[in-house]
Amino acid sequence: MSWKNIKLIFLREVRDQLRDRRTLFMVAVLPLLLYPALGIGMVQMTVTFEEQTRSVVVLGVDEIPSPNLIDGTKFRSDLFKDPGGADKLRVISDATGNLEEHEIEEELRQEFTQFLESLRANEKKLQRLAVLERDFRRDETYEQSDPELAELIKEQQALRKEAIALLADSPAEVVILFPAGFKQAYADLTNSIAGGTVTEEMLDHLPRPFIIHNSANERSEIAFSRASKALAAWEDEVLSDRLSHANLPVAFTDAIPITDIDLAEADEIAANVWSKIFPALLVIMSVTGAFYPAIDLGAGEKERGTMETLLISPATRAEIVFGKFLTVMLFSISTALLNLASMGFTGKHMLTAVSQGAATPLGDLSFPPLLSLLWVVLLAIPLSALFSALSLSLAMFAKSSKEGQYYLTPLLMVTMGLTMFCLNPSIELTPYYSVLPVVGPALLLKSLLLEGATSSSVVTYVLPVLITSITYSGIALWWAIDQFQSEGILFREAERFDLGLWFRHLLRDKEETPSFSEATVCFVLIAMLQFLFLTSMQSSPEALNGPVRMVQVQLIYLIATVGVPPVLMGLLLTTNLWKTLKLHLPNWKYLVAACLLPLSLQPLTLELMSALDPFFPPLPPGAEQMMQAMATDTVPLWLTLATFALAPAVCEELAFRGFILSGLQRSKREWLPIIISAMLFGVIHMIPKQQFNAALLGMVLGLLAVRSQSLWPGVVFHFVFNGVQVLAARLTPESLTEGPAQYVFRVGESGTIESVSFQPAFLVACAVVSAGLLYWLFNSGKTSEHLDSKSNLNGSFAAE
Amino acid sequence: MIRVQDLTKEFFDLKRGPVAALNEVSFEVKPGEIFGLLGPNGAGKTTCLRILSTVLKPTSGLALVAGFDVARSPESVRANIGFMSGNTGIYDRMTAWEMVEYYGRLYGIEEEQLQNRLHEIFDQLQMNEIRDLLGSKMSTGMKQKVSIARTIVHDPPVLIFDEPTSGLDVLVARAVLEAVDSLRDAGKCIIFSTHIMREVEKLCDRVAIIHKGEILDVGTVDELIQKYVQPDIEEVFFHLIGSRDPLMNAI
Numbered sequence: 001m002s003w004k005n006i007k008l009i010f011l012r013e014v015r016d017q018l019r020d021r022r023t024l025f026m027v028a029v030l031p032l033l034l035y036p037a038l039g040i041g042m043v044q045m046t047v048t049f050e051e052q053t054r055s056v057v058v059l060g061v062d063e064i065p066s067p068n069l070i071d072g073t074k075f076r077s078d079l080f081k082d083p084g085g086a087d088k089l090r091v092i093s094d095a096t097g098n099l100e101e102h103e104i105e106e107e108l109r110q111e112f113t114q115f116l117e118s119l120r121a122n123e124k125k126l127q128r129l130a131v132l133e134r135d136f137r138r139d140e141t142y143e144q145s146d147p148e149l150a151e152l153i154k155e156q157q158a159l160r161k162e163a164i165a166l167l168a169d170s171p172a173e174v175v176i177l178f179p180a181g182f183k184q185a186y187a188d189l190t191n192s193i194a195g196g197t198v199t200e201e202m203l204d205h206l207p208r209p210f211i212i213h214n215s216a217n218e219r220s221e222i223a224f225s226r227a228s229k230a231l232a233a234w235e236d237e238v239l240s241d242r243l244s245h246a247n248l249p250v251a252f253t254d255a256i257p258i259t260d261i262d263l264a265e266a267d268e269i270a271a272n273v274w275s276k277i278f279p280a281l282l283v284i285m286s287v288t289g290a291f292y293p294a295i296d297l298g299a300g301e302k303e304r305g306t307m308e309t310l311l312i313s314p315a316t317r318a319e320i321v322f323g324k325f326l327t328v329m330l331f332s333i334s335t336a337l338l339n340l341a342s343m344g345f346t347g348k349h350m351l352t353a354v355s356q357g358a359a360t361p362l363g364d365l366s367f368p369p370l371l372s373l374l375w376v377v378l379l380a381i382p383l384s385a386l387f388s389a390l391s392l393s394l395a396m397f398a399k400s401s402k403e404g405q406y407y408l409t410p411l412l413m414v415t416m417g418l419t420m421f422c423l424n425p426s427i428e429l430t431p432y433y434s435v436l437p438v439v440g441p442a443l444l445l446k447s448l449l450l451e452g453a454t455s456s457s458v459v460t461y462v463l464p465v466l467i468t469s470i471t472y473s474g475i476a477l478w479w480a481i482d483q484f485q486s487e488g489i490l491f492r493e494a495e496r497f498d499l500g501l502w503f504r505h506l507l508r509d510k511e512e513t514p515s516f517s518e519a520t521v522c523f524v525l526i527a528m529l530q531f532l533f534l535t536s537m538q539s540s541p542e543a544l545n546g547p548v549r550m551v552q553v554q555l556i557y558l559i560a561t562v563g564v565p566p567v568l569m570g571l572l573l574t575t576n577l578w579k580t581l582k583l584h585l586p587n588w589k590y591l592v593a594a595c596l597l598p599l600s601l602q603p604l605t606l607e608l609m610s611a612l613d614p615f616f617p618p619l620p621p622g623a624e625q626m627m628q629a630m631a632t633d634t635v636p637l638w639l640t641l642a643t644f645a646l647a648p649a650v651c652e653e654l655a656f657r658g659f660i661l662s663g664l665q666r667s668k669r670e671w672l673p674i675i676i677s678a679m680l681f682g683v684i685h686m687i688p689k690q691q692f693n694a695a696l697l698g699m700v701l702g703l704l705a706v707r708s709q710s711l712w713p714g715v716v717f718h719f720v721f722n723g724v725q726v727l728a729a730r731l732t733p734e735s736l737t738e739g740p741a742q743y744v745f746r747v748g749e750s751g752t753i754e755s756v757s758f759q760p761a762f763l764v765a766c767a768v769v770s771a772g773l774l775y776w777l778f779n780s781g782k783t784s785e786h787l788d789s790k791s792n793l794n795g796s797f798a799a800e
Numbered sequence: 001m002i003r004v005q006d007l008t009k010e011f012f013d014l015k016r017g018p019v020a021a022l023n024e025v026s027f028e029v030k031p032g033e034i035f036g037l038l039g040p041n042g043a044g045k046t047t048c049l050r051i052l053s054t055v056l057k058p059t060s061g062l063a064l065v066a067g068f069d070v071a072r073s074p075e076s077v078r079a080n081i082g083f084m085s086g087n088t089g090i091y092d093r094m095t096a097w098e099m100v101e102y103y104g105r106l107y108g109i110e111e112e113q114l115q116n117r118l119h120e121i122f123d124q125l126q127m128n129e130i131r132d133l134l135g136s137k138m139s140t141g142m143k144q145k146v147s148i149a150r151t152i153v154h155d156p157p158v159l160i161f162d163e164p165t166s167g168l169d170v171l172v173a174r175a176v177l178e179a180v181d182s183l184r185d186a187g188k189c190i191i192f193s194t195h196i197m198r199e200v201e202k203l204c205d206r207v208a209i210i211h212k213g214e215i216l217d218v219g220t221v222d223e224l225i226q227k228y229v230q231p232d233i234e235e236v237f238f239h240l241i242g243s244r245d246p247l248m249n250a251i
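From first to last, the protein sequence lines are chains A and B.
At position 379 of the first sequence the residue is numbered 379 (UniProt numbering), and the sequence of numbers has no breaks.
At position 178 of the second sequence the residue is numbered 178 (UniProt numbering), and the sequence of numbers has no breaks.
To be clear, the hints were calculated from the coordinates, so they are not data collected in a lab.
Possibly wrong hints are sitting among the right ones.
Unchecked claim - Computed list of lysine-lysine pairs in DSSO-like fashion (alpha-carbon distance at most 27 Å, straight line):
1) B/K15 <-> A/K510
2) B/K137 <-> A/K668
3) B/K227 <-> A/K399
4) B/K15 <-> A/K668
5) B/K137 <-> A/K402
6) A/K4 <-> B/K57
7) B/K212 <-> A/K510
8) A/K668 <-> A/K589
9) B/K57 <-> B/K212
10) A/K399 <-> B/K30
11) B/K202 <-> A/K399
12) B/K143 <-> A/K7
13) B/K143 <-> A/K399
14) A/K402 <-> B/K212
15) B/K57 <-> A/K510
16) B/K143 <-> A/K402
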């Protein structure tokens, strides 16, 4: 690869993009204009925004005890915290002349008059409903068998329906009703409390006011929340009145006065705000900033017919992709950082403008320290690199800019989902999250802004996050280069997509082994079946009743979701099922190696996994249960072995080393199919710890299958490996301290099965044996011929 | 200069399955010669020339261009050819001068030498008027001139023209043909594909008639006319295709 060519291409592409007004607008002008414009717009909105006046109907005004709740046509204004709060509620009461006082249209006045009348007519029913609502709460369940109770619930439902009908077309959003005799009963009660003669019965028989609202109706809810705040403030006043009447101090009801002390400083609150906005904005803007230039540089160039001109220049494909990639990345980073800067300055400026004088809950929204900002820039690089490479790959694949645009939505959706996930306050950086793409950098950025660049979590995770992010970007870039090498993708031409034709082609033009894409489809099918199976299991937990049942279900699950797809797809889509699933018998040496290797590898992986244990999140409860089911004696050993050793060995090998690996091997590369199939094998295991373990073993299994050109060594390896685990789960610590076992195991002081570990000498022996076997395996098949496969083009090119 | 031996290219089609776009094609082109590839649309001309320019890889067979194998050392092949086709467009947001200069740099020409060469080409092709015009503002004729300038900027020994006159008006087409003709006189090895009989008669020293991925015959225009006892190359063409394709005879 020549840097001179890369630089030439890079400079040309950058100049080309800068000459494109649209790109320039998207990258530079839009962020510089957008945020200030949005800010001004928001100020305008808040200034001109006026909340509509809502109506509250109060029935039984005369029954309201003092102090005053209502002041003419409104609630008393000092009951509201915000100035003008009282003006947002119109109080229609049954006090004489109240309706005439309101400045409303005559028509509305008529409506209210009618509504008040119908309310008064239904007052008894509503009171009955209030009693029933108090007794039967909707969020609780009641014994349905009691006929008396059932009758009451029925009555309640009927009354609810009537109330709904009553309020449905009413001009009021909320109705408050004070029952007849309330004022007197309340005064009596207050006197009894003062005199010390209050009884439980008196409290019980106090008629209760009620408030009717509809939480499904936005307008009703707004009115309700305002009115209940005013009612609460009023209730406090009524309570202090009652206390002073009884000669008790006002603080009487505050049994344990707790004061809360908030230690957050203004800049910390600001950091909290930035830590939410910056990572999200950085991620989303890196995607959008990468995508549009990528489409122009990829699909756009195909469309304009300049791609072939570039292809026949002496620059290699890798140089071309690199030059384009650097251009896209430059624009992605610029977009992200410009957006961040513009948003930051606008936000800060706006807040200072809005909060002049008054203290705001956000403080002065001071910027994060310079060091944190430098980190933002540094983390923008791997993020942009990943998105640039991904966008470029998609853009290369697209035939036209229009088609390219279609790919933006899924990419953006996935990114947005991940970003939303990171915004959740309870999600913090863990070892597992730190190695995930996008999530790792976003969470690192979050804790950087929140805790500063020197906090322990940042220092611990910087390297893992950077290394993995750069690795992911590298893989994405490699994919882009690989795409660019493919004739099928470069010269993809518009063709009519015909599903029927395509199916007929699949069934007619079968080849001996599956294609790369058929292998991918097989994997997706397995993943989807597993998802369906698991969700249906969750909805019917009784299926998992008891360990035996659980193990049986697991067995069916494995066969149905992992075992069946590769066999069916092999039968339907290939001409040589035997070769596709690698069913030929191998050389006997491989079978021997497959028996020995798991025995020597098992202790090593166990040791490795327990060393890595803190790295992974804890096992979900479902998996714990499954592990217990594997160890319990209540399940017959043959069933446990069939479920946890034989079925995985056969089904998973058929899928991953059979159909999928055969499909991947079409790429003619040697290691790539092994690595990809191992990764997919890992991914399917769902639990992070098992995923890692499975991916590692998948590499060994893949190598076994490729070298021996047979599935059987893998099946044997897999069976022995899992079988040993099943048997080990049934061991007791006592059995490990005597006989030859004592040279293998060490039992810790606690004497529990968890404290058992391997003797160091034994581990060394295992390592030596494993290394020897793997070395032999690695070199064994090099001379034997590889599976021949015809090159396959996923598309067509101009046939002229 | 160009040697093609049993060149085959298969591609995949949903409807028809694997299709051979080129089927064991062989020919040779010498320096100072214009070799014509004459065939209808879909005959395999573009596929053949794309393989020679290393944009596509052959399924089997051998293709040597300027002494280099297209499959083994594609970079060296590309450095020694100039390629122009209807699909090799020019950049909209680059001026004529920038475009040719950019390709000159990609070919690794020394800066001083490149500037001299650019002046020489722009004079020769009378392009000084459009020197600073952006690609998007150019007429088809102007664009074609820039393409020719781009094709010859590194003075390659081998030139490949894939239907360079398709879609051009008579005047521009004539200018392109004249440019190709003058390149032959400069001793270049030129391969030229077309479906226009007149161009073959006027320009080509030798011609291969290609149909459905196979070369039906190769020779000079006169040789072919005499061999098949036909009045002109057009009749030779129909005669050859007709003998292969009974449907054509029926028409």
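Verification of the hints:
no., hint, in the structure
1, B/K15 <-> A/K510, "holds, 13 Å"
2, B/K137 <-> A/K668, "violated, 47 Å"
3, B/K227 <-> A/K399, "violated, 46 Å"
4, B/K15 <-> A/K668, "holds, 26 Å"
5, B/K137 <-> A/K402, "holds, 23 Å"
6, A/K4 <-> B/K57, "holds, 26 Å"
7, B/K212 <-> A/K510, "holds, 25 Å"
8, A/K668 <-> A/K589, "holds, 25 Å"
9, B/K57 <-> B/K212, "holds, 19 Å"
10, A/K399 <-> B/K30, "violated, 37 Å"
11, B/K202 <-> A/K399, "violated, 37 Å"
12, B/K143 <-> A/K7, "holds, 26 Å"
13, B/K143 <-> A/K399, "holds, 23 Å"
14, A/K402 <-> B/K212, "violated, 33 Å"
15, B/K57 <-> A/K510, "holds, 24 Å"
16, B/K143 <-> A/K402, "holds, 25 Å"
Violated hints for the displayed structure, listed by number in ascending order: 2, 3, 10, 11 and 14.
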